[in-house]
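Student: Now for the letters of each chain:
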Amino acid sequence: MSTNENPPNTAPASQLRRDLLSILSILLGLGASALVAAPVVGFLLAPFVRPKPRLWRAVGPLDQFKVGETVEVKFDISNPLPWDGFLAQTSAWLRRESEGYLVAFSVNCTHLGCPVRWEKDAELFLCPCHGGVYDTSGNVVAGPPPRALVRYPVRVANNGNVEIQTTPVPLV
Amino acid sequence: MMHSLKRAWLAIDDRLGISKNLFPVMQHPVPPRTGWWYVFGSATLATFALQVVTGTVLATIYVPSTAHAYDSMQFITHSALLGSLVRGLHFWGASAMILFIGIHSVRTYLMAAYKYPREANWLTGSFLMVLTLGMGFSGQLLPWDQNAVWSVIVGAEQAAKVPYVGMALARWILAGQTLGGLTLSRFYAAHVFFFPGLIFLILGIHLYLVIHNGISEPPRAGHPVDPRHYRAWYEHMIKTEGVPFWPDAAWRDVVFSTLVVITIFLLAWYVGPPELQKVPDPTIIQASPQPYWYFLWFFSLLALSPHAGETFLIIATPSVFFIVMFLLPFIAHKGERSPRRRPWAIALVIMSVIIIGVFWREAELHPWVPDFTAQVLPASVVNSSDAAVVHGALLFHERGCEFCHYISGYGGHRGPDLTDVGNRLSSPEMMTFIMNGGYNMPPFAGVLKSAEANDLIAFLQSRTVSGNAAALNRVKE
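Chains as they are written, first to last, in the working numbering: chain V, 1100 to 1271; chain L, 4 to 480.
It is possible that part of the hints are untrue.
Cut-off 30 Å, straight-line C-alpha distance, at most; resulting in silico cross-link-like pairs (DSSO-like, lysine-lysine) [claimed, not checked]:
#1 V:K1219 with L:K281
#2 L:K281 with V:K1151
#3 V:K1173 with L:K337
#4 L:K164 with L:K281
#5 L:K242 with V:K1165
#6 V:K1219 with V:K1173
Keep in mind that the hints were calculated from the coordinates and are not lab data.
Working from the sequences, and respecting the hints, build out all of it.
Tutor: Okay, structure coming up:
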């Protein structure tokens, strides 16, 4: 006997049953999806909820930096991961303005973040991407950058080492 | 022998329903005389298939870790058997896919195939375009060389300029507050799982809609689309004049896609993939990041737009483009389809091609980039025994003038060419410019001593048409 010989049961009671089963199936599907979605979305949004601690990193003894000179210094990022590779380090431009005054500039151009180069004899920071130019104090003197180079917190520790504070990539 | 083969086919066909379900789809009737304008969609599909195959193979060697990605790319490019060829196929395939999805959308726009009843075809196609550009950007980062590292930063900085959500977007691109081990993995996941998965899904819908709504007939002037009668008219036309898609129309798709694949193969073989740049070390400041060709024109827009309105342009240009693209079928879903009756559509396409072309050309010349390699001006150019002029020429190089100013074959193009500036400006005018700077020129008042400025100006005053002619004659003699 094939099922074709029995027409679908259209009695009101079985229609109600079908409606309930439909709603039940849809709700169960949504519930199961939500159960999976919650941890998945949380996992993806992790970069927002776990800010990195800001740490002071030594970049060398104070007497290593001459007054009036701007040099590149490298230091470890905050909380490096074992597979960071080259990204475990970052850099800044350190300028010893006077005996007791140090300035640390982010290397990122405030236009679009490209690395600015210090040109010693011209006394300018030049950006290779779109030609932004900054003076010794990091102020914009030409090109598209909207604001001065971002400064990182810098201090001289008790042991005589210059220290820079790890800072998020400056976004404008 | 033939008999048993036929029996085998019948058995397989009975189980899989190939001739019952697939043949009718392949042979569905399409309008006659569609011609060569209709091959770009299938060419995009063919390049996507090429990307899936070559990408899957590349993933068998590539290591998506910030510590090892660069080394694995070096291995693929220089050591692995056929590695350079496969990477070349993937690179040129990506270029072709972006090119053909562009041409396909322009063709669809010019022939107004987005009008009733194919609005959803256009919308799914628009999503596919966004995803393809996403593949282009994420794919450019996976080589994980110096260029890629800085491209992530540039991408995040651009995203940060979006109102309200920009900061969050940028943090999400960086996978945190700084570059790090997490940054690359998410681009890898996006490029290999998220985007391709979405492309498969939406491509499926796109192709289903092509069957459901039928291929648009070549537009004729004076036959506007009327949503009330179009379907009935189309069905009648297909019944009376339609030809089977396979092989009457499909042969052109196959011929063109074959040519595309052969071209990509030749490019991969003879030109190869782009050479990897320096190691991905963000502390190496000597970097000149540039996007691949398909985003290069936007890169030069960023350099050339007026500084004050730039943040607005960065956000507005792509936003307006995509908003118009997604609204198009809602704004104009009926009326004339023929480009002959839609001169504004033609004007818009020509204008866009010219604008993008001009920015591309500028990007090739990139006059805004300081010439970091500029050499000291040789004596043959300086052409003077005057001590002040000779010292001025040295200062021109040392104090950085030459990064941006061009003199007789040396220096950058950011600022004006100073080859014969002695004919144009007086000494006091030069002093004012040099000391105070200008729109795109830094002031040198704090850098140059007064005597140095005088020597520099003595040198610049010696740059005249007659002086250069004399120098040229001396070189010839």
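Student: Going through the numbered hints above, which ones does this structure break? Give me the numbers in ascending order.
Tutor: The structure conflicts with hints 3 and 5, although it agrees with all the remaining ones.
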